[in-house]
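As you go down the protein sequences, you meet chains A and B in turn.
Sequential numbering of the first sequence, starting at 138, is according to this note's numbering.
Sequential numbering of the second sequence, starting at 5, is according to this note's numbering.
Treat the hints with care, since some could be wrong.
[What the hints assert, rightly or not] In silico PhoX-like links for lysine-lysine, alpha-carbon gap of 20 Å or less:
1) A:Lys147 <-> A:Lys185
2) A:Lys246 <-> B:Lys24
3) B:Lys11 <-> A:Lys246
4) A:Lys185 <-> A:Lys246
5) B:Lys57 <-> B:Lys43
[As the list claims (entries may be wrong)] Some but not every residue of chain A turned toward chain B, in silico, with C-beta under 8 Å:
6) Ala181
7) Ser184
8) Thr214
9) Tyr240
Calculated from the structure, these hints are not laboratory results.
Since this is a predicted model, take the numbers as computed values, not measurements.
Backbone N, C-alpha and C define an ideal beta-carbon position, used for all residues, glycine too.
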Amino acid sequence: MIFSLYIINKAGGLIYQKNFSEGLKKLTANEYLVLAGTFHSVHAITSKISPVRNVTSSGLEVLEADTFKLYCYQTLTGTKFLIIADSNHPNIDLVLRRTYDVYSDFVMKNPFYTPEMPIRSELFDMNLAKLIKQVGG
Amino acid sequence: MSTKQYKTLGEDVWKNRVEKINAELFTLTYGSIVAQLVKDYEDYQEVNKQLEKMGYNIGVRLIEDFLARASLGRCADFRETAEVISKIGFKIFLNITPSVTNWTSNNQEFSLVFDENPLAEFVELPEDNSANEDLWYSNILCGVLRGSLEMVQMQVEANFISDVLRGDDQTEMRVKLIRTIEEEIPTGED
Chain A
138 MIFSLYIINK AGGLIYQKNF SEGLKKLTAN EYLVLAGTFH SVHAITSKIS PVRNVTSSGL
198 EVLEADTFKL YCYQTLTGTK FLIIADSNHP NIDLVLRRTY DVYSDFVMKN PFYTPEMPIR
258 SELFDMNLAK LIKQVGG
Chain B
5 MSTKQYKTLG EDVWKNRVEK INAELFTLTY GSIVAQLVKD YEDYQEVNKQ LEKMGYNIGV
65 RLIEDFLARA SLGRCADFRE TAEVISKIGF KIFLNITPSV TNWTSNNQEF SLVFDENPLA
125 EFVELPEDNS ANEDLWYSNI LCGVLRGSLE MVQMQVEANF ISDVLRGDDQ TEMRVKLIRT
185 IEEEIPTGED
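Based on the sequences and whatever the hints tell you, model everything.
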C-alpha cells in the first residue's frame, strides 16, 4: 500500500505531492511545504553525521517506523523522490525508479514545463496513478 | 567500468529501452530548424548562438531521461564522463559513438570526433555566402552537452573546431571542463 509521493527540487522546495490512499490525514498546502523543506534539511544533515568514517554517506534513504516506511531516492541532478508506504510493501526501490522514469517522460519532456517549478501536468498525474495502481498501491 | 562495459551498456539501452523514430523525419526537422533560423537572423554567428541555446534547453531536460534509462552513478573523473558521453549518451540518442581523443595533460579538455553525423545527413552548405566560414551546422549538440552536464554539476564549454560540411577532414567538437559546481552537488555525493 503506497500512501503518498513527494517530489522535492534541488533547492528543497516541494514541487509535487500526492496522496494515494484514503485513510491519510489531510494537511494544508503549507504543511506539506514545511514537511518537504524539513526533510531536505534533515537529508543534508544525515549525510554529514554518518558514524562510518572515511566513507561519504549518501544521506537518508529509508526511514522506518511502526506504521509506515519512508523511502528517498536522490537523483544525480539533486531532485528527491519520497515515497511513504506501509511497512511491508516490497520493492519500493523499483517503484521509485519507475517514478523517475515517468517524471523524466511527462515532466521533463514537456517543453512548457519550467524545471524546478511545481508540477502541474495531467499526463504526469495519469501515468503516475497508473504506475501506483500497477504496483499495488 | 571499462570501455567495453560502457559500449555494452550503451548497446543494450539503445536496443531495448528507447523508442525510435524515422531518421528522415529527424534530419528534415533539424534541417528546417536551421534553415528557418538562418532566414530569421541572417547572421550566422547569431544562428550558432541560437542553436546552442536551444541545445542547452534540450540538455537540461535530456539528462533526466538519460539518468533514468542508463541508471549510472556519478562519474569518478572527467575522463569517465567523456567515455560515458560518447559510448552511452550519443549511442542512446543518436546511435553514434564519436571517438574521444586529444586529451590535454591536465585531463580537463578532450575532443569528440564524429565519423558520422545524422543531423547533417543530406546537407550541403550554401556556397554563395559565408556559411562555409561562420555556420556550425550541428551546434545544437554543443548546447545539449553544456545543458546536460550543468545539471550534474559540471560547467563545460563545448564548441566545434572542424566540420566536414565546411570542407574540413573531420567533424570535431572540443569539450572543456571549466569547473565542477561544488556548491550544488546533492548532499552526500562528495
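Status of each hint after checking the structure:
1. A:Lys147 <-> A:Lys185: Holds. Lys147 (chain A) to Lys185 (chain A) sits at ~17 Å (cutoff 20 Å).
2. A:Lys246 <-> B:Lys24: Given pair Lys246 (chain A), Lys24 (chain B) holds - Cα atoms ~16 Å apart, limit 20 Å.
3. B:Lys11 <-> A:Lys246: Since the Cα atoms of Lys11 (chain B) and Lys246 (chain A) sit roughly 26 Å apart, the hinted pair is violated (cutoff 20 Å).
4. A:Lys185 <-> A:Lys246: violated (34 Å)
5. B:Lys57 <-> B:Lys43: It holds: about 17 Å lies between the C-alpha atoms, which stays within 20 Å.
6. Ala181: holds (4 Å)
7. Ser184: holds (3 Å)
8. Thr214: Hint holds; Thr214 (chain A) Cβ to chain B Cβ min 5 Å, cut 8 Å.
9. Tyr240: holds (7 Å)
Violated hints for the displayed structure, listed by number in ascending order: 3 and 4.
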